[in-house]
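Letter by letter, the sequence shown follows residues 683 to 827 of the numbering used here.
Heads up, some of the hints might be wrong.
To be verified - Taking lysine to any residue pairs in the SDA-like style, the calculated list, with each CA pair at most 20 Å apart, reads:
1) Lys772 to Asp809
2) Lys772 to Gly752
3) Lys772 to Ala782
4) Lys772 to Leu790
5) Lys772 to Arg804
6) Lys772 to Leu738
7) Lys772 to Thr755
8) Lys772 to Asp789
9) Lys772 to Ser723
10) Lys772 to Cys706
11) Lys772 to Arg797
12) Lys772 to Thr785
13) Lys772 to Val783
14) Lys772 to Gln727
15) Lys772 to Thr796
16) Lys772 to Ala736
17) Lys772 to Gly732
18) Lys772 to Arg746
19) Lys772 to Thr758
20) Lys772 to Pro691
21) Lys772 to Cys685
22) Lys772 to Pro708
23) Lys772 to Ser722
24) Lys772 to Thr787
25) Lys772 to His725
26) Lys772 to Val729
27) Lys772 to Asp792
28) Lys772 to Gly735
29) Lys772 to Ile742
30) Lys772 to Ala786
31) Lys772 to Val704
32) Lys772 to Arg728
Read the hints as simulated data drawn from the structure, not as lab findings.
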Amino acid sequence: AVCWDQWFPESARCMALLGAEVLCYPTAIGSEPPDPAWDSSGHWQRVMQGHAGANLMPLIASNRVGREVGASTEITFYGSSFIADNTGAKVAEAGRDGEAVLTATFDLDDLQRTRHSWGLFRDRRPDLYGPLLTLDGSTPPPLPA
Numbered sequence: 683a684v685c686w687d688q689w690f691p692e693s694a695r696c697m698a699l700l701g702a703e704v705l706c707y708p709t710a711i712g713s714e715p716p717d718p719a720w721d722s723s724g725h726w727q728r729v730m731q732g733h734a735g736a737n738l739m740p741l742i743a744s745n746r747v748g749r750e751v752g753a754s755t756e757i758t759f760y761g762s763s764f765i766a767d768n769t770g771a772k773v774a775e776a777g778r779d780g781e782a783v784l785t786a787t788f789d790l791d792d793l794q795r796t797r798h799s800w801g802l803f804r805d806r807r808p809d810l811y812g813p814l815l816t817l818d819g820s821t822p823p824p825l826p827a
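Whenever a hint applies, use it, and build me the whole structure from the sequences.
As structure tokens, this is what we get:
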């Protein structure tokens, strides 16, 4: 998934259901143009760590660093790329300012056995998820043109 998809748990679950072994999220996130003083990096990381833990799957979140200035706005990217294990715990993390290369090793066969033993996918209740197919719990999305 990419950038904005990171805020939706459905994206992570869909990737897991479709057979992903590692969740990957390349992002470009930083200061918020309406409120440059607000730092959402902790919120961003916790949401992503939740995706890893909820799907018992490692996650790689890469983010830009530096500053970009446009005609009427600017953004400072806060880096902080990280790798989380299948419980959501961070096992590697980059700094906020400089580029970095992060690595981690996972036994994918062992992780698959763990996911299977927990029954996360077996015990789902898709019969209750109809509202996820709507925009607000009841309004269907518009049909494509």
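Structure-based check of each hint:
no. : hint             : in the structure
1   : Lys772 to Asp809 : violated, 33 Å
2   : Lys772 to Gly752 : violated, 33 Å
3   : Lys772 to Ala782 : holds, 16 Å
4   : Lys772 to Leu790 : holds, 17 Å
5   : Lys772 to Arg804 : violated, 27 Å
6   : Lys772 to Leu738 : holds, 13 Å
7   : Lys772 to Thr755 : violated, 32 Å
8   : Lys772 to Asp789 : holds, 16 Å
9   : Lys772 to Ser723 : holds, 14 Å
10  : Lys772 to Cys706 : holds, 14 Å
11  : Lys772 to Arg797 : holds, 19 Å
12  : Lys772 to Thr785 : holds, 12 Å
13  : Lys772 to Val783 : holds, 15 Å
14  : Lys772 to Gln727 : holds, 9 Å
15  : Lys772 to Thr796 : holds, 18 Å
16  : Lys772 to Ala736 : holds, 14 Å
17  : Lys772 to Gly732 : holds, 11 Å
18  : Lys772 to Arg746 : holds, 18 Å
19  : Lys772 to Thr758 : violated, 23 Å
20  : Lys772 to Pro691 : holds, 18 Å
21  : Lys772 to Cys685 : holds, 19 Å
22  : Lys772 to Pro708 : holds, 16 Å
23  : Lys772 to Ser722 : holds, 17 Å
24  : Lys772 to Thr787 : holds, 13 Å
25  : Lys772 to His725 : holds, 14 Å
26  : Lys772 to Val729 : holds, 12 Å
27  : Lys772 to Asp792 : holds, 19 Å
28  : Lys772 to Gly735 : holds, 11 Å
29  : Lys772 to Ile742 : holds, 10 Å
30  : Lys772 to Ala786 : holds, 10 Å
31  : Lys772 to Val704 : holds, 14 Å
32  : Lys772 to Arg728 : holds, 10 Å
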